[in-house]
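What follows is the residue order along each chain.
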Amino acid sequence: MPIPASDAAHLLRRAGYGVTSAELDRVRTSPTRVKAVDRVLQLGEDPADPVPTVADGTTAFADWWKVTSWWLERMRTSPVGIVEKMTLLWHDHFVSGLDKCNSIELLVQQHRTLRRHALGDFHALTQDVAVDPAMLIYLDNWLNWSHGPQENFARELLELFTVGVGHYDENDVGELARAWTGFSLTGDFRSHHFYPQYHDAGPKAIFGLPPRAWTGPETITEILRGTKSVAASEFIVAKVFSHLAYPISPGEAPVPQLATGFRKSGLDIRTLVRDIFRSDAFWSARARYAVVRSPIEWMVASLKALDLPVADVVNPFDLAGMGQLPFSHPDVDGWGTDEYWISTGASWTRAAWAARVRWHSYYSGVFSGLGGGRPDEIAAAGFERFGIVDPSAHTRSVIENWASTSKATGDASLIPLNLPLLMMLTPEFQVA
Amino acid sequence: MNALSRRQFLRSAVASAAVGAAVPRWAYAAGAQPLGPSEGMLVVVTLNGGCDSLSVLVPRSGARRTAYEAARRDIAIGASSLLAATDDHGLHPNLPRLAERYAAGKVAVIDGVAMPNNLRSHFVSTAVSQSASLTPRTTGWLGRHLDGYPDRADELMSVTVSPVVPLHLQGAVSQAAALPPGVGLWGADTTWRHERTAYDAVRAFAAAPLGRGPWADQIAATGGYALDKAAVSGSLATSAGTTAGIRRDMELAAHVLNADIGTRVVGVQTSGYDTHASQNTTMPRLLGDLDGAIDHFFATLAPERHNRVMVLVVSEFGRMAPMNASLGTDHGHAGLALAIGANVAGGLHSELPSIDAVDKHDSLVPSVDLRQVYATVIDRWLGGDSTESVGGQHGHLDFVAAPPGSTA
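For the protein sequence lines, the chains are A and B, in the order given.
In terms of the numbering used here, the first sequence opens at residue 1 and continues consecutively.
In terms of the numbering used here, the second sequence opens at residue 433 and continues consecutively.
Extracted from the complex, chain B is given alone in its bound form (with noise of 0.2 Å):
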């Protein structure tokens, strides 16, 4: 095998993407190199389970409270208890500092967001929603934005924060970093020669070809490329100051953005949003989380990154319109996206789907393609052409207030 093609093979294989932690000294050292001054950064909050949208942008007066109120009879949010959003909406009780980012315009509110054929499995959604794709794919739409860079293997162009890599960040040869919080990394030490050894040992399976199977030898490169980045990686992954869920990966994500060692795209996952029973015990806890967790990623990010940085939060699907008798709600198909920054335009940027007039499975109609959101994040914000990443031409929102670097 050549030098060329051997890199390449290791291209295919491997993760290509870099980590750091808040000084990004030793990442220099490590060949990482920071992004530029206006280039956007993105952190993908992935909400699984299907998270219910008319839990999060209430309808508070109207007509459409009146049908929200027929639809979700027992378990329809009271509206003295919202909070102020639009003139008819409200935010959940439990998401009082979105709210108040949301007064300071500093949230797009996108609801009614779907892929056009949501199918209402949570695996068929997942697949067509991160691939950007009705029919099934293996790389998902910042995979493939990703894999447009230049080739600079030496940096961590994505990083999820979880043990493995979600569909949306897998590319054709980029895929995303993952970064196993709170494990320290066997690589980082160099003090020891018998360990500088076993490194080149391990380093050393993925100089050939084994012969057997492709497994063995992604896994040789992935082992390899590992340990290079061990030292960049290694103080990030115990950097959190909180132990576990959504509040210790929203810090990670942030660290990993303070280190500014070439990460433009951060994945973050939690779960428990498929409330088919006694959604109005399961969703304040999981929405007062994910705010506190939204709050404390702003907290942690470093002043200068805020006009670089948006959070994108997605789910799979909606729910039904109406409640079922377990006091919950059954998969539906058009929900909520929500995009938080300095640089976001906020408010409402979609027609809210009609609550009375919904599908013959009682789904919320979509008003947006999530193509869409997708087009907007790539061609506003990343930098990029979406006609290849997200596929075709599907229009734009206007939540982009002002390019990356900028003040909006």
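With the rest of the complex left out, here is chain A (with noise of 0.2 Å):
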């Protein structure tokens, strides 16, 4: 027996960017849910480096909007949905921006780098993104010579990256910064380069072990598998957790029980997300609509709903106006999540681009000639395209008793315009 399209649907929303009637088919039919899960993690069909590239040490904005468009074209399209959810994650966890890097060529870059890894092993990618060169430069890693070693990227390492504050005190972060100095930039600022001369190569107290002279890399490995690694898996996990499945913070069941076998695996992210999935706290009604979409994903799902490529209805200035700027974040930290996208302004910028939209949607034919159906009808329809499901009773009348009140003052005829536009506002499509 398949399982029901409620579940179906709950995973496809959190392992990609929307739901589309053929990927619902394709989910449904799975005989368990494990099967189901096992079905959206199956990565065989994921183009290896489909990245386009960018000329030479380059801002020019067309590059920054060549490489942001395309990204988003690939969440809308991609079979492999998770690929494309967990890439924008870690992008939003090991944060370089433009505004520092000046290079969306090494932002590219770093893009590969995320994605190469985005479902493979934790300590690799950290390792990997330390000495990427938009990092050394974000970070201001590049600068941190053993004579006047220099702070910001250790201290990020610690509270942002792997284990979060309360689990190192200040003289840790010192000697994690002496133990990155040197890890610099070849001249033509392209790729890392370690200088040994402008190393620190004395003993570093760290965690409260006996000094020694630890280098940068090998602090990352103390971190994740050695003395922190049972605080850094349950902020890794807490952090994958929250993204796929509701807010948690690392103490909270089911996390230290993740993290033991997030552990287990050599910190496989690929485990992890399977095992979350598979989690009975995944599938529990708490996590049920616990996400918000943030405005990329909302304008994804949008997209995929409509079949409408993003080079013809996103422009740059709406994913500005809705705060969500690929490769250009207010801060290190990142976006935020949930209750951050909610705002007035999140309501005027997503309904000022769902009101375009609904053009684009008109004129390529989606939905011509319902207005002549019923209420009922056209309702369903609008809540079939979009992937909802499971709509609320409210949300229903509220669309029915729309197209009613259309009917009756004869703007039938705008109904196949109008739909989309309430589907894209409605509170369930906007919560994943």
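Read the hints as simulated data drawn from the structure, not as lab findings.
These numbers come from a predicted model, not from an experiment.
Mixed in with the good hints there might be a few duds.
To give a feel for the contact side, a few chain A residues facing chain B, derived at Cβ under 10 Å [as the list claims (entries may be wrong)]:
(1) L139
(2) D331
(3) W341
(4) A346
(5) L422
From the three backbone atoms N, C-alpha and C, an ideal C-beta is built for every residue, glycine too.
Combine the two chains into a complex, taking the hints into account.
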């Protein structure tokens, strides 16, 4: 017996960016939730390294948009949404911004690293990002010299990237900064280069361990696989779980249990994602509708439902107005989650965009002729197209009333125009 | 859900604040009330990243200059380039218009200010300083202050010129309207019947709980509220003459206050102050932009507003006294706040922190609790009781020369 449509849609919303009828049918036919999870985690269909290339050392707006619009289009069309979902999460975890890196080429290089490890080994991901040129520039580590260590990267490595506040002290930050001295760039700023003459090779005391001559990469291994491995794994699991299931803190069940499995797997992200999707917590009532779609997720899901390409209807000002520009976070902590995306500003910018997109939808013939149907048929067609398999009774009645009123006032011909707008603005479609 | 609980539900879910443009005619039509002629208005400018106080008010001569040069060796700003301020301190050379206001007695400098427990993390420090609480809270000091006003849900009591709402404006029931600069607002045009029908549908999403989790109800409520406010806010959002950055945001802040539609507090955010490296290429640009933006704000502000508006400039922390080898400075503790306005008592309102007697993390030791600044703003400018909004008794500073609406 297939799993319920509401279960399949829940999984698809979290593992990707929307729910088309075809995807719903594919996942629904799974005999069990576990099989459904396996299905959305099949990565075989993901083409290798499809990222477009951009010119050298440029900040050109056109190149930034080329990459950004490509990425959004890929979120919309990829058969393996989870890869995009996790790449976006790591982009928001290991933040590096154009404002400081000044090179879209370097950020594309970092994007490739994030994408390569999106469902891979978290230790390798962290190591590669630490010496990634964009990160070295963004957090000033390329200018961290033994004769005057500078702690920007060391602090964020602990606070934001691995263990979180409360698991280290100020001494650890200072000593980690020393460990990272000399990890800089080649003269052309395009590759990492280690300068032993600028590295502080003396003993450093971190995490209460006996002093030794730590190097930067060794400290990452110590954090993730040594002294701090429990705290770090719980910190990362809570972040991923909050992204895929519901908001949670590191100490709260089932994080510690999932973190144990994550460590046993050697910090394999795919195993973690699979375990989260298989957990009872993921399928619980608490997890349903428990995540607010960020602007990008909401736009991509809308265009997926309407079958409209990103390039035709999204422009950079839409993303700026909604506060979610890829490669340009507000700060190193990245974007917020959930309530961060709920404000009058969000309502205005989303409605303005939806009001524009409905015309593209209208002229491409979506819902054409639907105005002749009954109100309940109109509502049902809207919900189906947008993958809203379980609308609330209230929302359904609002849409049916709207359809009735439109027909009664002689506006039936505009129902195909306005139905997509209303679907995009339903509360149900703005959460995942 | 009865009418009362419905209202309470909306109040807890929704932004509760209002916006309008230069002529408030339509604003009244939309139900917004102007403030009384002696009610204060506040613009909070947040310098994200941790502004280096020693680059704003710079030692020019004497023992503190000697200590400054020793700490900042290669990045010390030349004494001769500084703009006159106090006897032995000057303002950064890229703050000429602020220096003029300072000379006119309209800029209060509170240098050495911080929350007592600064943890030197951007995010923890932002949370601590904007909530005015040593332990994390989900509301901010201004949000809690605005919670105390009578329930006038037709108004935009606070506005932030940004897509998302900063913590200091979050209340338990009041929440700032986030005004997205430059965006035309759906809901402002009521010409077309089919469009009005769609507005009604979006408003109706909030008419009953959906049973689809708390976010869905909050989104519904906020969406309906935004529609109600679109006519009031629409012309403001697109009213700036400049296209981006803090200058544009400060211009919009002035437009909001000129409209006088019940807005008491406007938040403006700017970032880039995390100058771990090459500080002397970054700070001149940032401070030059800030200087121009503040001046543009006062030039845009209607003359009759000047004695009712205070601009408060804050940052999550200051920076270490010594430079690092990247020609920058790392996260410190005590920093600097500015209060600017016609009714501000200008000058230095704090004991300057020592540059050589720093704490064990090379940071400047605070001489003023940030909550004293907040309490002064609440009790002497906005009109309220800071024991609730700021929490406890922290004393006041004397940077308010005259109450709002009177002549200093």
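Violating hint indices (sorted, rising) = The structure breaks none of the hints.
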